[in-house]
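Protein chains: 2
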Amino acid sequence: MRYELYYWPTIQGRGEYVRLALEEADADYIDVARRSGGEARMMAMMTGRRLDTPPFAPPFLKAGNLVIAQVANILLYLGARHGLAPKAEAGRLWVHQLQLTLADFVVEIHDTHHPLGPTLYYEDQRPQARTRTGEFWKSRVPKFLGYFEDRIARHGPYLTGRRVTYADLSLFQIVEGLRYAFPHRMKRFERRTPRVLDLHARVAARPRIAAYVASERRIPFNTDGIFRHYPALDK
Amino acid sequence: MRYELYYWPTIQGRGEYVRLALEEADADYIDVARRSGGEARMMAMMTGRRLDTPPFAPPFLKAGNLVIAQVANILLYLGARHGLAPKAEAGRLWVHQLQLTLADFVVEIHDTHHPLGPTLYYEDQRPQARTRTGEFWKSRVPKFLGYFEDRIARHGPYLTGRRVTYADLSLFQIVEGLRYAFPHRMKRFERRTPRVLDLHARVAARPRIAAYVASERRIPFNTDGIFRHYPALDK
Numbered sequence: 444m445r446y447e448l449y450y451w452p453t454i455q456g457r458g459e460y461v462r463l464a465l466e467e468a469d470a471d472y473i474d475v476a477r478r479s480g481g482e483a484r485m486m487a488m489m490t491g492r493r494l495d496t497p498p499f500a501p502p503f504l505k506a507g508n509l510v511i512a513q514v515a516n517i518l519l520y521l522g523a524r525h526g527l528a529p530k531a532e533a534g535r536l537w538v539h540q541l542q543l544t545l546a547d548f549v550v551e552i553h554d555t556h557h558p559l560g561p562t563l564y565y566e567d568q569r570p571q572a573r574t575r576t577g578e579f580w581k582s583r584v585p586k587f588l589g590y591f592e593d594r595i596a597r598h599g600p601y602l603t604g605r606r607v608t609y610a611d612l613s614l615f616q617i618v619e620g621l622r623y624a625f626p627h628r629m630k631r632f633e634r635r636t637p638r639v640l641d642l643h644a645r646v647a648a649r650p651r652i653a654a655y656v657a658s659e660r661r662i663p664f665n666t667d668g669i670f671r672h673y674p675a676l677d678k
Numbered sequence: 444m445r446y447e448l449y450y451w452p453t454i455q456g457r458g459e460y461v462r463l464a465l466e467e468a469d470a471d472y473i474d475v476a477r478r479s480g481g482e483a484r485m486m487a488m489m490t491g492r493r494l495d496t497p498p499f500a501p502p503f504l505k506a507g508n509l510v511i512a513q514v515a516n517i518l519l520y521l522g523a524r525h526g527l528a529p530k531a532e533a534g535r536l537w538v539h540q541l542q543l544t545l546a547d548f549v550v551e552i553h554d555t556h557h558p559l560g561p562t563l564y565y566e567d568q569r570p571q572a573r574t575r576t577g578e579f580w581k582s583r584v585p586k587f588l589g590y591f592e593d594r595i596a597r598h599g600p601y602l603t604g605r606r607v608t609y610a611d612l613s614l615f616q617i618v619e620g621l622r623y624a625f626p627h628r629m630k631r632f633e634r635r636t637p638r639v640l641d642l643h644a645r646v647a648a649r650p651r652i653a654a655y656v657a658s659e660r661r662i663p664f665n666t667d668g669i670f671r672h673y674p675a676l677d678k
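In the order they appear, the protein sequences are chains A and B.
Residues 444 to 678 in our numbering are what the first sequence spells out, letter by letter.
Residues 444 to 678 in our numbering are what the second sequence spells out, letter by letter.
Next comes chain A alone, as it looks inside the complex (with noise of 0.2 Å):
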């Protein structure tokens, strides 16, 4: 089966966490909206004339009869099929877990730049968005890398073992993106978390991710995704 996956085409984004699930499982996917005539299908498909259940933003994918939303729900039915997840009930549901608490982290991490929300323009909100900053590195990111710090000290070298899941892949994404965005901050916090980097330099030295994230199917960063480079939030 090939995959159909949409979301913008220009930046990474939320997309990224499924787009770094399909490369690692090797599947046989399109990325819909970087083709010609791809985004004003992925509109025509959210407006819910085609589809019955249309979904409320992207990321979504295409397989077969489904088409699925929301990230962590992807990543869900993508585990399942690709070995990136356990298949027993209990390993099923620790890892959505976690991947639902990264997905709460990268909320966060987007409202450092959009403390006042997604319909103003960051030039709108800078003040606003300085504070926030502050706070999250402060107060935010050693609690959610601590945590995941912590479940690789217990069952590392991965976030649940020896086999790698999806949410390795997100905590991946994770890294890279705030050495992206904050590269001074991240420097001095770093060290706090080594087990994360090593969990970090694990996926990237992965055959499949390296190949990737070296290819032209990787977007590179930019000011309109969720890691932004904004070097006033930067100090």
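Each computed DMTMM-like pair below joins lysine to aspartate or glutamate, with the alpha-carbon atoms no more than 20 Å apart: (1) B:K586 / A:D495; (2) A:K530 / B:D495; (3) A:K586 / B:D495; (4) A:K630 / A:E619; (5) B:K678 / B:E566.
Derived contacts from chain B toward chain A, CB cut-off under 8 Å, selection only: (6) L509; (7) I511; (8) A533; (9) H539; (10) L543; (11) T544; (12) G560; (13) T574; (14) R575; (15) Y590.
Bear in mind the hints are in silico, worked out from the structure with no lab data behind them.
Just so you know, even glycine gets a beta-carbon here, dropped at the ideal spot from N, CA and C.
With the hints as your guide, set chain B onto chain A.
Leaving out everything else, chain B in the frame of chain A:
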């Protein structure tokens, strides 16, 4: 099996989505942190000494040997066991997708009074809260509630048809909360989503939900939870 729910004892908060599902399912459960010594027990479980897979934050549910955190993950588990979601994969993923979209909405509801983040008090971010709340009601409420209105229009009277799911219970709670937190704004808005209101009334009239809401098990809304009534934000 007697479930153990762990959540902050003085607020509805995110625990309420789980409580509503347990009540509708007529499940045997105890709300641990509301009992003597329960909050200390909850905190001990999060430190990770007792548990192999400690939660990042409440709510979490102990179900036999499983300890499951993240609201949507708990509901995924409960839905399958108590007839609160379809059994077939497509329907199961669709209800989970709706729940994750509702969860995104809940985050934005919380951010109306905490735009600068969860680490500062509301009193330290009043002007920013006013701005964010204005944007929220102008753009985000119509987008989210409009999306759910469209789903009911297609497949009503519940979100997925004639059978109630855990996502319907969560949408009920969101309407309850918006009416409490923003009585004036919600009164003006809600004529635009009559089907959402009808769904709310149907859930409210379900015997177990009605009995629960009238009981002492239901904690009243207050200004410590997700839905907070601050007159300055309700114009």
